[in-house]
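**Q** Read off the chains here:
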Amino acid sequence: MTYLLRRLLWLPVIMWAVASLTFLVLRLVPGDPFASVANQVLDAGQLERTRAVWGLDEPLWNQYGVFIGNLVRGDLGVSMSSGVPLTRLLFEKLPPTIELALAALIVSSFIGVGAGVVSSTTRNKFLDYSVRNLSILGLSVPLFWVGIMLIVVFAVRLDWLPVGGRIGAGVDYQTVTNFMLLDHVITGNWVALGSFLQHLTLPALAVSLTSAGFAARVARSSMLEVIRLDYTRTARAKGLRESVVILKHALRNALLPVLTLQGLQFGTLLGGAVITELVFTWPGMGRMLLDGILKRDYAVVQGAVIFVAFTYVLVNFIVDVLYHVVDPRLRKSS
Amino acid sequence: MVSSRQSTNVGTVSFGRVRRIWKKYDLAIVGGVFVMLILFCTIFAPLLTPYDPTVNDIKVRLQGPSLLHPFGTDQFGRDLLARVLYGGRPILLVSFLSVATALALGIAVGMSAAYWGGWLDSLLMRLMDVLLSFPSVLLAILIVAALGPGLSNVMVAITVSMIPIFSRLVRSVVVTLVNEDYVAAAKALGAVNARVIIRHIFPNMIPAIIIQASALLAVAIGTATALNFLGLGVEPPTPDWGLMVSDGQKLIFDAPHVPLFPGLVITLTVLSVNYIGDGLRDRLDPRLRGQG
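Quick note, the sequences are listed as chains A and B, same order. In this text, residue positions in the first sequence follow our numbering: the first is -14, and each later residue adds one. In this text, residue positions in the second sequence follow our numbering: the first is 49, and each later residue adds one.
Just so you know, these hints were derived from the structure itself, not from any lab. It should be emphasised that the depicted structure is a prediction, and the values quoted were computed from it without experimental measurement. Check each hint, because a few of them may be wrong.
[Stated by the list, open to error] Simulated coverage check for chain A against chain B, where a stretch passes if three residues somewhere in it have a Cβ under 8 angstroms from a Cβ of chain B:
no.	segment
1	-2 to 9
2	119 to 132
3	135 to 141
4	247 to 260
5	271 to 278
[To be verified] With a cut-off of at most 20 angstroms between alpha-carbon atoms, the simulated EDC-like pairs for lysine to aspartate or glutamate come out as follows:
no.	chain 1	residue 1	chain 2	residue 2
6	B	K298	B	E283
7	B	K71	B	D333
8	B	K298	A	D276
9	A	K110	A	E227
10	A	K233	A	D215
11	A	K110	B	D74
12	A	K110	A	E210
13	B	K72	A	D113
14	B	K72	B	D330
15	A	K280	B	D330
16	B	K298	A	D144
17	B	K71	A	D113
18	B	K72	B	D333
19	B	K107	B	D302
20	A	K233	A	E210
21	B	K71	B	D330
22	A	K110	B	D330
[Said to hold, decoys possible] So the derived list for chain A, only partly shown, Cβ under 8 angstroms to chain B, looks like this:
no.	residue
23	V14
24	L263
25	V286
26	V290
27	V293
28	A294
29	Y297
30	V298
31	L299
Where is the CB? At the ideal position from N, CA and C, for every residue including glycine.
Please build the complete structure, drawing on both the sequences and the hints.
**A** Shown next, in the form of structure tokens:
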């Protein structure tokens, strides 16, 4: 328990460090977001006043104090280009990103675990060899390219699925939580739900193809490890059918490392959202971050980066806790 | 006489031995050959194609693959094969350099932390923990956002995101080595720190480092192409694999061959590096011997 307690106490410290580092990195380079457009739009006096409004004329220490004070109260600042508070932007842009990441995670878990089971039970046979090569291909292929190629085949050539976006242009719907799956089910809007799922298919598939490779590799080696152990042999010795031995006895024990990996991949998927969302014109946080970078809107970049990093830290922590709760061997050793 | 006979013995490689090595490392060897080929093609690109990758020729725009243009042409009539050949330069340069730099800095950080221990160890490792608290693509994007777009900034970004991985690895290896008898013996015999590190510790961590470096090289190529794809790296009209896919995305209705070839080459390159990495791990990691 002391290990988890230490991890828990460490959590606010690491979050403070992550937020501070993000703040500092974005202010490493001299000049501010307004300087780059200043010459064309603002004269010297206007530039001064704009800086004063945003507090950019204050010494760095004061800016940092204000930033940390706001952050503690859950205020991530205000977008410099649109004047909209970051918390409101995140409410709007976060659900699409989480939807996509979760969908991809679920699909890739099924593909990965399935591939891992097939691979480990046909060890060193042709099927194992093919699955292993496919999974290494999956983790080698660039996400942005897979996305574009899927669009070319399924949207442009076959015309089965839409090219991009989150829902069809002419579809009427109500927003409740901004999680579309949930909203459309709550309001019973099946037309909108169908359109949403059609739009979700290609991006979720693209992301899961690249993350299933990792899952398959981990699932395979974890299965091979478990199959060698005594309880698997015992299950076989009891005369159980091979499918029961593999799926009930071996797989359940081999799943833990795969679940851990998928937990960790959730954070990585949020980070990779920038790429997916650009390819599929998915209106989420990744697009917001990229727009922020291109417009040099540091408030947006800072808010989005801090939010994703916090989520990543928290998910890692939860995975760690669950691991300790589920696996009694770890509890004893710490 | 004796020495010459020995050398012929060493020089003779039996057919059976070659076959055994090939059977075990076939994919790693294929990967190695492909990476060599890609390196050769990008370095000697001017000798391999008559076309200039940045010169427009509107008359032949958006042509599909043909004898004159094996990969076709893009919206400005530029030869895509030439652009693929030249386009590997920024990616490969950035990837190799950033892995090498991150490796050097990671060794320095990890070794200092493990060898001297104490507060220096805690400070350095907590700093690395903070860097690892960002998803690595996000950290790279944050750094490029701060420094501004450009190839050298992409390199800095990838390097920084990889330093913590190397330093943790080096630290964990060195920490176990520092307590080994032969290191203690060397110290007891009065060897100075630098000598202990170079002669006794360094050689023992080479396998672990090679395995990690090959894996991270694949990651570096992926990140570099992604950042260039996002428009945060090299600027047009410089030929670059990531940028070519991004240009090609606008042409998916008229000319899907434009994003096809550069993406295929990226995939094959990363795949080859991953095969090499797997081969190296099978060969160098004693824990994996006998598995497969």
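**Q** Work down the list of hints and note, for each, if the structure agrees.
**A** Verification of the hints:
| no. | hint | result |
| --- | --- | --- |
| 1 | -2 to 9 | holds (count 5) |
| 2 | 119 to 132 | holds (count 9) |
| 3 | 135 to 141 | holds (count 3) |
| 4 | 247 to 260 | holds (count 7) |
| 5 | 271 to 278 | holds (count 4) |
| 6 | B/K298 / B/E283 | holds (17 angstroms) |
| 7 | B/K71 / B/D333 | holds (18 angstroms) |
| 8 | B/K298 / A/D276 | holds (18 angstroms) |
| 9 | A/K110 / A/E227 | holds (18 angstroms) |
| 10 | A/K233 / A/D215 | holds (15 angstroms) |
| 11 | A/K110 / B/D74 | holds (16 angstroms) |
| 12 | A/K110 / A/E210 | holds (18 angstroms) |
| 13 | B/K72 / A/D113 | holds (16 angstroms) |
| 14 | B/K72 / B/D330 | holds (9 angstroms) |
| 15 | A/K280 / B/D330 | violated (47 angstroms) |
| 16 | B/K298 / A/D144 | holds (17 angstroms) |
| 17 | B/K71 / A/D113 | holds (16 angstroms) |
| 18 | B/K72 / B/D333 | holds (15 angstroms) |
| 19 | B/K107 / B/D302 | holds (16 angstroms) |
| 20 | A/K233 / A/E210 | holds (15 angstroms) |
| 21 | B/K71 / B/D330 | holds (13 angstroms) |
| 22 | A/K110 / B/D330 | holds (18 angstroms) |
| 23 | V14 | holds (6 angstroms) |
| 24 | L263 | holds (7 angstroms) |
| 25 | V286 | holds (5 angstroms) |
| 26 | V290 | holds (5 angstroms) |
| 27 | V293 | holds (6 angstroms) |
| 28 | A294 | holds (5 angstroms) |
| 29 | Y297 | holds (5 angstroms) |
| 30 | V298 | holds (5 angstroms) |
| 31 | L299 | violated (10 angstroms) |
Hints 15, 31 from the list above are not met by this structure, while the remaining hints are.
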